[in-house]
Amino acid sequence: QKEVEQDPGPLSVPEGAIVSLNCTYSNSAFQYFMWYRQYSRKGPELLMYTYSSGNKEDGRFTAQVDKSSKYISLFIRDSQPSDSATYLCAMTYTGTASKLTFGTGTRLQVTL
Amino acid sequence: EAQVTQNPRYLITVTGKKLTVTCSQNMNHEYMSWYRQDPGLGLRQIYYSMNVEVTDKGDVPEGYKVSRKEKRNFPLILESPSPNQTSLYFCASRISTGSNQPQHFGDGTRLSIL
Numbered sequence: 034q035k036e037v038e039q040d041p042g043p044l045s046v047p048e049g050a051i052v053s054l055n056c057t058y059s060n061s062a063f064q065y066f067m068w069y070r071q072y073s074r075k076g077p078e079l080l081m082y083t084y085s086s087g088n089k090e091d092g093r094f095t096a097q098v099d100k101s102s103k104y105i106s107l108f109i110r111d112s113q114p115s116d117s118a119t120y121l122c123a124m125t126y127t128g129t130a131s132k133l134t135f136g137t138g139t140r141l142q143v144t145l
Numbered sequence: 003e004a005q006v007t008q009n010p011r012y013l014i015t016v017t018g019k020k021l022t023v024t025c026s027q028n029m030n031h032e033y034m035s036w037y038r039q040d041p042g043l044g045l046r047q048i049y050y051s052m053n054v055e056v057t058d059k060g061d062v063p064e065g066y067k068v069s070r071k072e073k074r075n076f077p078l079i080l081e082s083p084s085p086n087q088t089s090l091y092f093c094a095s096r097i098s099t100g101s102n103q104p105q106h107f108g109d110g111t112r113l114s115i116l
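Quick note, the sequences are listed as chains A and B, same order.
If you want our numbering, it's the 1-based position in the first sequence plus 33.
If you want our numbering, it's the 1-based position in the second sequence plus 2.
By construction, these hints were calculated from the structure, which means they are not laboratory data.
For every residue, glycine included, the Cβ atom is placed at its ideal position computed from N, Cα and C.
Watch out, some of these pointers could steer you wrong.
[Claimed, not checked] Partial selection, computed: residues in chain A whose CB lies under 8 Å from chain B:
1. F108
2. L133
3. T137
Looking at chain B on its own, in the form it has when it is part of the complex:
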């Protein structure tokens, strides 16, 4: 089954404790991205990657890091999480970098930073 898989689905942690949210897709997609979803603000892009070893900032990259060492994986790293990073996070992928291709989303990771 074609899918985007995120782990963990839920995480409660404390300020300053480094964490990584993994994202993996099995569709051989070139383009992957991370979004956060907040009430009243909708989905906002954090980082995106057009291919292996190619990443770039989205609209809200502060406090986040990403890497793309393999085509299928695109982890999101919070080096020193803070409470304002409490949010619902989604990883997405699409087949190519062409903007007219639909994006496929994972089921989300709910992060709570205390």
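One chain only, chain A, in its complex shape:
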């Protein structure tokens, strides 16, 4: 079983829709949770970063962490064609050598 599970999609939604992207994880030591966006032929770029449980909002994006369920979500409101990309969840824990553990990514297509 992978430490982080993420539905690969693809997920296709019409412009303006609310998108929900999710990851589950098994390691209860994870404390820092991130969402990266990766456009085709580009490297991942950090979109959202949260520590421990709770919600964080940034414009049209909301990141949610439920540590009791080991479940994290990214919501995109009023989705735009420019949101079409692969979204990767990533997580880590305290420690100078601790690395990011990534989900496999969900490919999102927002259609006109």
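Given the structure of chain A, go ahead and fit chain B onto it with the hints provided.
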């Protein structure tokens, strides 16, 4: 502009021919790492470096070497490439060794080993 630069972006080569993928960052970051990205497996860490002359293995280090002689550079070396090393490779850096710092990624190097 703050960035992580990888070269080459694309490379097709043959089994056994040594190659080096360069990575350079201009943000004075202490921590640098290499990942490979494969379909269905996601991003997996190959090696990382917490500072100059300090490197350590990640999850999939077999067949790879790295060095960190200068803070800004972290080359990935494939001494004797094999077809199972065909993949998309990313270099990343972050400001310090603290795990709560975001990582910045390069745009990737697509390697094909025939």
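Hint check:
{"no.": "1", "hint": "F108", "verdict": "violated, 20 Å"}
{"no.": "2", "hint": "L133", "verdict": "holds, 6 Å"}
{"no.": "3", "hint": "T137", "verdict": "holds, 4 Å"}
Of the numbered hints listed earlier, the single one contradicted by the structure is hint 1.
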